[in-house]
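Enquirer: So you can see what is in the structure, the chains are spelled out below.
2 protein chains.
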Amino acid sequence: MMLHPAGSIAVIFCAKRTTIDEAGYQEAAAKMSALAKLQPGYLGEDHARTENGLGITISYWKDDSSAKAWRDQPDHAATREKGRDKWYEFYTLHVARVERSYDWQK
Amino acid sequence: MMLHPAGSIAVIFCAKRTTIDEAGYQEAAAKMSALAKLQPGYLGEDHARTENGLGITISYWKDDSSAKAWRDQPDHAATREKGRDKWYEFYTLHVARVERSYDWQK
Numbered sequence: 001m002m003l004h005p006a007g008s009i010a011v012i013f014c015a016k017r018t019t020i021d022e023a024g025y026q027e028a029a030a031k032m033s034a035l036a037k038l039q040p041g042y043l044g045e046d047h048a049r050t051e052n053g054l055g056i057t058i059s060y061w062k063d064d065s066s067a068k069a070w071r072d073q074p075d076h077a078a079t080r081e082k083g084r085d086k087w088y089e090f091y092t093l094h095v096a097r098v099e100r101s102y103d104w105q106k
Numbered sequence: 001m002m003l004h005p006a007g008s009i010a011v012i013f014c015a016k017r018t019t020i021d022e023a024g025y026q027e028a029a030a031k032m033s034a035l036a037k038l039q040p041g042y043l044g045e046d047h048a049r050t051e052n053g054l055g056i057t058i059s060y061w062k063d064d065s066s067a068k069a070w071r072d073q074p075d076h077a078a079t080r081e082k083g084r085d086k087w088y089e090f091y092t093l094h095v096a097r098v099e100r101s102y103d104w105q106k
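Which chain is which? The protein sequence lines are Y and V, in order. Take the first sequence: its letters are residues 1 to 106, numbered as in the UniProt record's numbering. Take the second sequence: its letters are residues 1 to 106, numbered as in the UniProt record's numbering.
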């Protein structure tokens, strides 16, 4: 949860989970989150998940080419296939370019 | 949870709640969500909230001027002030322009 520069890319992933294989999902999600951090151009991630509801993960990238490289990263692509097979009912993905950012702290 | 056209605006609001006034927060959040739907240019909303953790609300707008009009809507502005006073420890807000969208369903 931090500011990101104008021109950076936000990949907004909103997904409804199936009710099966919570342990497998959690393990894969942790692995992907750790792997994403190692990719060139990775800026950060925000994640929230309503119990029995929607999960949102936003990953932030320096530019579109680093976001696309992560999309095509082989372990990530294989995990996405598993996600379609087991973990997700449906999802949407929006790729958006950050124009301005603000933060506030009490 | 739906696709939005290229050029539309995603307002990504990530917030850490305080531990007080859950009822007041829930009431205001429902009211703001209903009010947002009535604004010109409103396209949709995605929301998730991890218990005792981060909440993410993404509202989608036809263009930047409709997103800014919502920011300046008087009831919304007043509720934001209340949020700073009572409900939020800290938050970030990213305004981003959608470049492409995908969805998938089992």
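Any given hint might turn out to be false.
Any copy will do: because identical chains look the same in the list, a pair fits if it lies in one copy or spans two.
Here are the simulated lysine-lysine pairs, BS3-like style, with alpha carbons at most 25 Å apart [as the list claims (entries may be wrong)]:
| id | residue 1 | residue 2 |
| --- | --- | --- |
| 1 | Lys-16 | Lys-37 |
| 2 | Lys-62 | Lys-86 |
| 3 | Lys-31 | Lys-82 |
| 4 | Lys-106 | Lys-37 |
| 5 | Lys-62 | Lys-106 |
| 6 | Lys-16 | Lys-86 |
| 7 | Lys-37 | Lys-82 |
| 8 | Lys-68 | Lys-86 |
| 9 | Lys-68 | Lys-16 |
Calculated from the structure, these hints are not laboratory results. Being a predicted model, the structure only gives us computed values, none of them experimental.
Enquirer: Given a CA cutoff of 25 Å, do Lys-62 and Lys-86 count as a within-copy pair, a between-copy pair, both, or neither?
Expert: neither (31 Å within a copy, 34 Å between copies)
Enquirer: At most 25 Å between C-alpha atoms: does Lys-31 with Lys-82 qualify within a copy, between copies, both, or neither?
Expert: within (13 Å within a copy, 38 Å between copies)
Enquirer: Given a CA cutoff of 25 Å, do Lys-16 and Lys-86 count as a within-copy pair, a between-copy pair, both, or neither?
Expert: within (12 Å within a copy, 31 Å between copies)
Enquirer: What label fits Lys-37 with Lys-82 when the C-alpha limit is 25 Å: within, between, both, or neither?
Expert: within (21 Å within a copy, 35 Å between copies)
Enquirer: Pop the pair Lys-62 and Lys-106 into one bin, within, between, both or neither, using alpha-carbon distances up to 25 Å.
Expert: neither (28 Å within a copy, 31 Å between copies)
Enquirer: At most 25 Å between CA atoms: does that hold for Lys-16 and Lys-37 within a copy, between copies, both, or neither?
Expert: both (24 Å within a copy, 22 Å between copies)
Enquirer: At most 25 Å between CA atoms: does that hold for Lys-68 and Lys-86 within a copy, between copies, both, or neither?
Expert: This pair counts as within: shortest intra-copy Cα distance 24 Å, inter-copy 40 Å.
Enquirer: One pair to classify: Lys-68 and Lys-16, alpha carbons no more than 25 Å apart. Within, between, both, or neither?
Expert: Within one copy, since 23 Å is at most 25 Å while 30 Å is not.
Enquirer: If the cutoff is 25 Å on CA atoms, where do Lys-106 and Lys-37 land: within, between, both or neither? Let me know, please.
Expert: neither (28 Å within a copy, 29 Å between copies)
Against the hints set out earlier in the document, violations occur for numbers 2, 4, 5.
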